[in-house]
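Colleague: Sequence:
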Amino acid sequence: MFYYFVYPSPVGELTIASDEKNIIGLWIKEQKYFGSTICNEKVEKKNIPILLETKKWLDRYFKGEKPLIRELKLKPKGSEFRKLVWKILCEIPYGKVTTYGEIAKKIAKLQKRKTMSAQAVGGAVGHNPISIIIPCHRVIGTNGDLIGYAGGIEVKKKLLQLENADIKKLYNLKKMIY
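Residue numbers for the sequence shown follow the numbering used here, beginning at 1 and rising by one.
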């Protein structure tokens, strides 16, 4: 069984899921792969401490503060490869971006491999079950395109703007915003 509550946010309705001790999911309404790592019975319950902590964390985040990921107990479900990618996502500083290719290079180095597929990284990023907190919105295409966000490109742009990310250098953002 898992517990959840719905959080109204500036980027749309968020569903936050917990196993009572950890956050196991955070999805944007109608997000691709919504709830894909949850197969147990779900119960709406707002008074679980980790869910209350997450609500406060999100309140601070959407006010423009910079809450730390480590303030929350996260337990995303996925393969070892996906967990490694999500761990690297957690290292991307607030307000900064990186590329799928850069993450692939980092994984190749960690695994002592010559190369790693940026597409494989993209698949793992796209299946991130704890959106926003595990900041997959901070990953862009090698040429600066805002691509591949399961919550939608408009949400990705809003999150990057909220973080005051230096997005002037992004290739297609200017066309998309103005």
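Worth flagging that the hints you see were computed from the coordinates, not collected in a lab. From the three backbone atoms N, C-alpha and C, an ideal C-beta is built for every residue, glycine too. Be careful, since some hints might not be right.
Computed list of lysine-lysine pairs in BS3-like fashion (alpha-carbon distance at most 25 Å, straight line) [to be verified]:
{"no.": "1", "residue 1": "Lys157", "residue 2": "Lys114"}
{"no.": "2", "residue 1": "Lys45", "residue 2": "Lys73"}
{"no.": "3", "residue 1": "Lys46", "residue 2": "Lys96"}
{"no.": "4", "residue 1": "Lys63", "residue 2": "Lys46"}
{"no.": "5", "residue 1": "Lys87", "residue 2": "Lys109"}
{"no.": "6", "residue 1": "Lys63", "residue 2": "Lys83"}
{"no.": "7", "residue 1": "Lys63", "residue 2": "Lys105"}
{"no.": "8", "residue 1": "Lys46", "residue 2": "Lys109"}
{"no.": "9", "residue 1": "Lys42", "residue 2": "Lys66"}
{"no.": "10", "residue 1": "Lys21", "residue 2": "Lys96"}
{"no.": "11", "residue 1": "Lys29", "residue 2": "Lys63"}
{"no.": "12", "residue 1": "Lys55", "residue 2": "Lys158"}
{"no.": "13", "residue 1": "Lys45", "residue 2": "Lys56"}
{"no.": "14", "residue 1": "Lys105", "residue 2": "Lys56"}
{"no.": "15", "residue 1": "Lys29", "residue 2": "Lys105"}
{"no.": "16", "residue 1": "Lys42", "residue 2": "Lys29"}
{"no.": "17", "residue 1": "Lys75", "residue 2": "Lys114"}
{"no.": "18", "residue 1": "Lys77", "residue 2": "Lys56"}
{"no.": "19", "residue 1": "Lys87", "residue 2": "Lys105"}
{"no.": "20", "residue 1": "Lys75", "residue 2": "Lys87"}
{"no.": "21", "residue 1": "Lys42", "residue 2": "Lys63"}
{"no.": "22", "residue 1": "Lys46", "residue 2": "Lys105"}
{"no.": "23", "residue 1": "Lys66", "residue 2": "Lys158"}
{"no.": "24", "residue 1": "Lys55", "residue 2": "Lys112"}
{"no.": "25", "residue 1": "Lys63", "residue 2": "Lys77"}
{"no.": "26", "residue 1": "Lys21", "residue 2": "Lys66"}
{"no.": "27", "residue 1": "Lys109", "residue 2": "Lys66"}
{"no.": "28", "residue 1": "Lys87", "residue 2": "Lys55"}
{"no.": "29", "residue 1": "Lys66", "residue 2": "Lys112"}
{"no.": "30", "residue 1": "Lys21", "residue 2": "Lys109"}
Derived DEER-like restraints, expressed as beta-carbon distance ranges [as the list claims (entries may be wrong)]:
{"no.": "31", "residue 1": "Phe62", "residue 2": "Gly126", "range": "17 to 25 Å"}
{"no.": "32", "residue 1": "Lys105", "residue 2": "Leu52", "range": "33 to 41 Å"}
{"no.": "33", "residue 1": "Gln161", "residue 2": "Pro8", "range": "29 to 37 Å"}
{"no.": "34", "residue 1": "Glu71", "residue 2": "Lys42", "range": "21 to 29 Å"}
{"no.": "35", "residue 1": "Gln119", "residue 2": "Pro49", "range": "16 to 24 Å"}
{"no.": "36", "residue 1": "Asn164", "residue 2": "Asn40", "range": "18 to 26 Å"}
{"no.": "37", "residue 1": "Arg113", "residue 2": "Lys45", "range": "20 to 28 Å"}
{"no.": "38", "residue 1": "Lys63", "residue 2": "Lys96", "range": "27 to 35 Å"}
{"no.": "39", "residue 1": "Arg70", "residue 2": "Asn47", "range": "28 to 36 Å"}
{"no.": "40", "residue 1": "Lys55", "residue 2": "Lys112", "range": "37 to 45 Å"}
Colleague: Could you grab the alpha-carbon distance between Lys105 and Lys56 and see if it respects the 25 Å cut-off?
Modeller: With a Cα-Cα distance of about 35 Å, the restraint between Lys105 and Lys56 is violated, given a limit of 25 Å.
Colleague: Would the pair Lys55 and Lys112 pass a check requiring their Cα atoms to be no farther apart than 25 Å?
Modeller: violated, 39 Å
Colleague: Verify the proposed pairing of Lys63 with Lys46, using a straight-line Cα cut of 25 Å.
Modeller: Roughly 21 Å between the alpha carbons, so the hint for Lys63 and Lys46 holds.
Colleague: Is the Cα-Cα distance between Lys21 and Lys96 25 Å or less?
Modeller: With Cα atoms ~30 Å apart, Lys21 and Lys96 exceed 25 Å; violated.
Colleague: Compare the distance between the alpha carbons of Lys29 and Lys63 with 25 Å, and conclude whether the hinted pair is satisfied.
Modeller: This hinted pair holds, its Cα atoms lying about 20 Å apart.
Colleague: Does the hinted range 20 to 28 Å hold for Arg113 and Lys45 at CB?
Modeller: violated, 43 Å
Colleague: Would you mind confirming whether the straight-line C-alpha gap from Lys63 to Lys77 stays at or under 25 Å?
Modeller: Outside the cut-off at roughly 29 Å; violated.
Colleague: Indicate whether the distance between the beta carbons of Phe62 and Gly126 respects the range 17 to 25 Å.
Modeller: holds, 23 Å
Colleague: Can the restraint linking Lys45 and Lys73 be considered satisfied, given a maximum Cα separation of 25 Å?
Modeller: Cα-Cα ~18 Å, so holds.
Colleague: Is the straight-line distance between the alpha-carbon of Lys45 and that of Lys56 25 Å or less?
Modeller: holds, 16 Å
Colleague: Can the suggested window of 18 to 26 Å be confirmed for the beta-carbon pair Asn164 and Asn40?
Modeller: Violated, at about 38 Å.
Colleague: Below or equal to 25 Å on CA atoms is what counts here, so check Lys75 against Lys114.
Modeller: violated, 30 Å
Violated hints, listed in ascending order, are 1, 3, 6, 7, 8, 9, 10, 14, 15, 17, 21, 22, 24, 25, 27, 29, 30, 33, 35, 36, 37, 38 and 39; each of the other numbered hints is respected by the structure.
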